[in-house]
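**Student:** Single-letter residue listing:
Number of protein chains: 2
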Amino acid sequence: MKEKITQASILLFEQKGFSQTSIQDIVDSIGVTKGTFYYYFTSKEQLLMEIHLDYISDLLNRQQSIMENEKLTYQEKLEKVIVLLIADIQDKGPSGRVFFREMRHLVEENVETIDKQRDLFRLNIEQLVANGIQAGEFRPELRADIVAFGVLGMANYSYNWFNPSGEISAEQLSKLFSMILFDGIKKP
Amino acid sequence: MKEKITQASILLFEQKGFSQTSIQDIVDSIGVTKGTFYYYFTSKEQLLMEIHLDYISDLLNRQQSIMENEKLTYQEKLEKVIVLLIADIQDKGPSGRVFFREMRHLVEENVETIDKQRDLFRLNIEQLVANGIQAGEFRPELRADIVAFGVLGMANYSYNWFNPSGEISAEQLSKLFSMILFDGIKKP
Numbered sequence: 001m002k003e004k005i006t007q008a009s010i011l012l013f014e015q016k017g018f019s020q021t022s023i024q025d026i027v028d029s030i031g032v033t034k035g036t037f038y039y040y041f042t043s044k045e046q047l048l049m050e051i052h053l054d055y056i057s058d059l060l061n062r063q064q065s066i067m068e069n070e071k072l073t074y075q076e077k078l079e080k081v082i083v084l085l086i087a088d089i090q091d092k093g094p095s096g097r098v099f100f101r102e103m104r105h106l107v108e109e110n111v112e113t114i115d116k117q118r119d120l121f122r123l124n125i126e127q128l129v130a131n132g133i134q135a136g137e138f139r140p141e142l143r144a145d146i147v148a149f150g151v152l153g154m155a156n157y158s159y160n161w162f163n164p165s166g167e168i169s170a171e172q173l174s175k176l177f178s179m180i181l182f183d184g185i186k187k188p
Numbered sequence: 001m002k003e004k005i006t007q008a009s010i011l012l013f014e015q016k017g018f019s020q021t022s023i024q025d026i027v028d029s030i031g032v033t034k035g036t037f038y039y040y041f042t043s044k045e046q047l048l049m050e051i052h053l054d055y056i057s058d059l060l061n062r063q064q065s066i067m068e069n070e071k072l073t074y075q076e077k078l079e080k081v082i083v084l085l086i087a088d089i090q091d092k093g094p095s096g097r098v099f100f101r102e103m104r105h106l107v108e109e110n111v112e113t114i115d116k117q118r119d120l121f122r123l124n125i126e127q128l129v130a131n132g133i134q135a136g137e138f139r140p141e142l143r144a145d146i147v148a149f150g151v152l153g154m155a156n157y158s159y160n161w162f163n164p165s166g167e168i169s170a171e172q173l174s175k176l177f178s179m180i181l182f183d184g185i186k187k188p
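Each protein sequence line maps, in turn, to chains A and B.
If you count the first sequence from 1, position 167 lands on 167 in full-length UniProt numbering, and the numbers rise without skipping.
If you count the second sequence from 1, position 147 lands on 147 in full-length UniProt numbering, and the numbers rise without skipping.
The shape of chain A in the complex, shown without the other chains:
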């Protein structure tokens, strides 16, 4: 039931926005009472926090296993992190949109918790790039921090436009982005 409430809320938050969605809307959409909601959550804010935490923890776990895979070059690791971000649009688009849009509705202490996790995800990418520079895979004149922001920008922005059931699959989009990132667009 907890999962059912969470899923219904994600869809409503995505469609109507967090502020515009009441607990009544949530319980109505799955035909239960407010009592059921309050059995699992103390407030709409707590529910939003759990959605954020689930989303980012899952991403961090998967990123971690890519980073620890010693068979991969740094370029391959970075490619896989891009696939991870883009594939999530396919697999859990609505949670992603709620994650990106509704951050400011978290209460302050929760924002800090989530911010730390988001920072960790970004700093892991920065570390990958820095390691790749050291290993001679990437250009030495790069700033690893800016590359990390660039990668996150390209990938995360796709939540706004990418339709995974359209002409291009998540995998193809990841490849196209990787090609731009690794080789640049200028004709050699």
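Don't read these hints as lab results, they were simulated from the structure.
Among these hints, one or two may not hold up.
Which copy is meant is left open, so a pair is good if it fits within one copy or across any two.
[Claimed, not checked] The calculated BS3-like cross-link candidates involving lysine-lysine, where the alpha carbons are at most 27 Å apart (straight line), are:
id, residue 1, residue 2
1, Lys16, Lys80
2, Lys175, Lys186
3, Lys187, Lys4
4, Lys2, Lys175
5, Lys44, Lys4
6, Lys175, Lys187
7, Lys4, Lys186
8, Lys186, Lys92
9, Lys80, Lys187
10, Lys34, Lys4
11, Lys4, Lys16
12, Lys186, Lys71
13, Lys175, Lys16
14, Lys187, Lys34
15, Lys2, Lys44
16, Lys92, Lys175
17, Lys116, Lys34
18, Lys80, Lys186
19, Lys187, Lys44
20, Lys71, Lys187
21, Lys44, Lys175
Keeping the supplied structure of chain A fixed, place chain B upon it in accordance with the hints.
**Tutor:** Structure of chain B alone, referenced to chain A:
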């Protein structure tokens, strides 16, 4: 006065979000009455629409003059479009954040109007890239549409993290992004 109301609203929408900001909050923040507000605007939604329209029209005008400049290569034009987007964070950060975050609070017919203008901005970038491919400046195997989304992603996402009064200026950030975009990060 209209401009004063608009500027005060942008700051409040940025801080509290559009839904959470009342017309009362807006007029209180500049010490006028609701009557003054309604002399210039019919509703909070109309005000939001004007903020969106001003923002995108200004970007489109400046993009247009870059595109029409025959002295520039396609690479130089694309660089200047990136500078345009990043410099706006410095010059009008709050409007930008309101523009990106509060889109869904526009009424439906207004969303369509703004969407068309946003699409136009993106399609102009796509056209630049396509022309650059044809002219032999950019790699022929690229998809111009995906490059345009990538450029917009990198640049627009900086609204979330870039602090123009920090260590890196808007100009430097644009250069670093251009370097990644044109040359790629892989060591040749």
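**Student:** Evaluate each hint against the coordinates.
**Tutor:** Hints and how they fare:
With identical chains, the CA atoms of lysine 16 and lysine 80 are never at most 27 Å apart, being 33 Å at best within one copy and 37 Å at best between copies. Taking the shortest alpha-carbon separations for lysine 175 and lysine 186, both the intra-copy value of 17 Å and the inter-copy value of 15 Å come in at or below 27 Å. Neither within a single protomer nor between protomers do lysine 187 and lysine 4 lie at most 27 Å apart by alpha-carbon distance, with minima of 51 Å and 48 Å respectively. In this homomeric assembly, lysine 2 and lysine 175 never come within 27 Å of each other (Cα to Cα): the closest approach is 37 Å inside a single copy and 48 Å across copies.
For the homomeric pair lysine 44 and lysine 4, the shortest alpha-carbon distance inside one copy (15 Å) is at most 27 Å, but the shortest distance between copies (35 Å) is not. In the homo-oligomer, the alpha carbons of lysine 175 and lysine 187 lie at most 27 Å apart both inside one protomer (18 Å) and across protomers (18 Å), since each shortest distance falls under that limit. With identical chains, the CA atoms of lysine 4 and lysine 186 are never at most 27 Å apart, being 49 Å at best within one copy and 45 Å at best between copies. For the identical chains of this complex, lysine 186 and lysine 92 are neighbours neither inside a copy (34 Å) nor across copies (31 Å), given an alpha-carbon limit of 27 Å.
Proximity of lysine 80 and lysine 187 under a CA criterion of 27 Å is satisfied in both settings, with 25 Å inside one chain copy and 19 Å between copies. Within a single copy, lysine 34 and lysine 4 get their C-alpha atoms as close as 14 Å, which meets the 27 Å cut-off; across copies the closest is 43 Å, which misses it. Taking CA atoms no more than 27 Å apart as the test, lysine 4 paired with lysine 16 passes inside one copy only; the shortest distance there is 18 Å, against 30 Å between copies. Within a single copy, lysine 186 and lysine 71 get their C-alpha atoms only as close as 30 Å, which misses the 27 Å cut-off; across copies the closest is 19 Å, which meets it.
In the homo-oligomer, the alpha carbons of lysine 175 and lysine 16 never lie at most 27 Å apart, since the shortest distance is 33 Å inside one protomer and 38 Å across protomers. In the homo-oligomer, the alpha carbons of lysine 187 and lysine 34 never lie at most 27 Å apart, since the shortest distance is 60 Å inside one protomer and 58 Å across protomers. When the C-alpha separation of lysine 2 and lysine 44 is checked against a cutoff of 27 Å, the pair qualifies only within one copy, where the shortest distance is 13 Å, while the shortest distance between copies is 37 Å. In this homomeric assembly, lysine 92 and lysine 175 come within 27 Å of each other (Cα to Cα) only inside a single copy, at 20 Å, whereas the closest approach across copies is 34 Å.
Neither within a single protomer nor between protomers do lysine 116 and lysine 34 lie at most 27 Å apart by alpha-carbon distance, with minima of 32 Å and 41 Å respectively. In this assembly of identical chains, lysine 80 and lysine 186 lie within 27 Å of each other by CA distance both inside one copy and across copies; the values are 24 Å within and 16 Å between. In the homo-oligomer, the alpha carbons of lysine 187 and lysine 44 never lie at most 27 Å apart, since the shortest distance is 52 Å inside one protomer and 49 Å across protomers. Taking the shortest Cα distances, lysine 71 and lysine 187 sit within 27 Å of each other only across copies (20 Å), while inside one copy they are farther apart (31 Å).
For the homomeric pair lysine 44 and lysine 175, neither the shortest alpha-carbon distance inside one copy (38 Å) nor that between copies (43 Å) is at most 27 Å.
Of the hints listed earlier, those the structure fails to meet are numbers 1, 3, 4, 7, 8, 13, 14, 17, 19 and 21, in rising order.
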